Amino acid sequence: MTAVGDVVAERSIHLSRASLVRYAGASGDFNPIHYSDHVAGAVGLPGVLAHGMLTMGLAVETIVPWLGDAGRILEYGVRFKNPVVVDPESGAELRIVAKVGAIDDRGARVDLTVTHGETTVLVKAHVLVRLA
Amino acid sequence: MPVNPELVGRAFPPTAPYLVGREKVREFARAVFADDPQHLDPNAARALGYADVVAPPTFAMIVQDQTLQQLLAEPDSGIELARVLHAEQRFSYSRPIVAGDELTGVLSVTGIRTIGGNAMVTSEAEIRDAAGAHVVTATSVLLVGEEG
Chain A
1 MTAVGDVVAE RSIHLSRASL VRYAGASGDF NPIHYSDHVA GAVGLPGVLA
51 HGMLTMGLAV ETIVPWLGDA GRILEYGVRF KNPVVVDPES GAELRIVAKV
101 GAIDDRGARV DLTVTHGETT VLVKAHVLVR LA
Chain B
1001 MPVNPELVGR AFPPTAPYLV GREKVREFAR AVFADDPQHL DPNAARALGY
1051 ADVVAPPTFA MIVQDQTLQQ LLAEPDSGIE LARVLHAEQR FSYSRPIVAG
1101 DELTGVLSVT GIRTIGGNAM VTSEAEIRDA AGAHVVTATS VLLVGEEG
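Here the protein sequences come in this chain order: A and B.
According to our numbering, the first sequence holds residues 1 to 132 in order.
According to our numbering, the second sequence holds residues 1001 to 1148 in order.
These are computed hints drawn from the structure, not numbers from a lab.
Here the structure is a predicted model, which is why all the values come from computation and not from measurement.
Beta carbons are placed, not taken as given, at the ideal position from N, Cα and C, and that holds for glycine.
Be aware that one or more of the hints could be misleading.
Per label pair, the in silico range of CB-to-CB distance [claimed, not checked]:
id, chain 1, residue 1, chain 2, residue 2, range
1, A, GLU89, B, ARG1113, 18 to 28 angstroms
2, B, GLU1027, A, THR120, 45 to 55 angstroms
3, A, THR2, B, GLY1009, 34 to 44 angstroms
4, A, ASN82, B, PRO1075, 15 to 25 angstroms
5, B, GLY1111, A, ASP111, 19 to 29 angstroms
6, A, VAL39, B, ALA1073, 35 to 45 angstroms
Please construct the entire structure, taking both the sequences and the accompanying hints into account.
This is how it looks when you write it as structure tokens:
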């Protein structure tokens, strides 16, 4: 039985610059702030940033093996709080923890915590899932 | 030019059909670190009752992006890509996207809220399959910054 407070999945993901280039190609989002230090610096960013949609996408995948069927996901939403700067040498390490926040007639709300070091990357990252 | 409030309620044509390819799903899955077999192996997807590999949940952004391009292309929108930040994103699913789907998106701007010189623009893409059945609605909130 799934209960409120249960951690249903967690993982760490290492992002490199190559991860960003791969996501750019896969998604079609070629905004240069996600691969060019020159452009990122020129627009006043602290460095090359991971695509918000990459973070959102890898975060929810943390729970897909637990769900068994991605079709059980009814809703997924996030608010982008802090960008992830991806260092050219060391990359960035993201930690994702998925915890059951609420259960009702429609299913369970799984709350995702996504952190980069001490920084929270996404807030209100909620996945509404149909319980099997 | 500030964000044009008349975008709310404006009608946009459906995007050109997007045919979801199996290799595109696999490519996208690898990019979002999605290694569950349902995204990669057609047999694993079929065992779950799907016709082909299942796209990761945020794949819908590819079709939504086509609708956002329509929004940016409106000559009177007042939205300049260089001043846009992605503030929030939501998806509401009827079913997952599967390889073989032919998807079209219909854009609507549902809200524009001005805060000082900034504007929060909420837009929805209603994504349907070739039969016209609803697949997913993708909602973006874009923060359009003050003109520099």
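Hint check:
Distance hint for GLU89(A) and ARG1113(B): a CB-CB separation of about 41 angstroms, inconsistent with the stated range 18 to 28 angstroms. For GLU1027(B) paired with THR120(A), a C-beta distance near 29 angstroms fails the hint of 45 to 55 angstroms. Evaluation of the 34 to 44 angstroms hint for THR2(A) and GLY1009(B) yields a pass: the beta carbon distance comes to about 41 angstroms. For the pair ASN82(A) and PRO1075(B), the supplied restraint of 15 to 25 angstroms is violated, since their beta-carbon distance comes to about 34 angstroms.
Range check, GLY1111(B) to ASP111(A): Cβ separation about 25 angstroms, and the 19 to 29 angstroms hint holds. For VAL39(A) paired with ALA1073(B), a C-beta distance near 22 angstroms fails the hint of 35 to 45 angstroms.
The structure shown violates the earlier hints numbered 1, 2, 4, 6.
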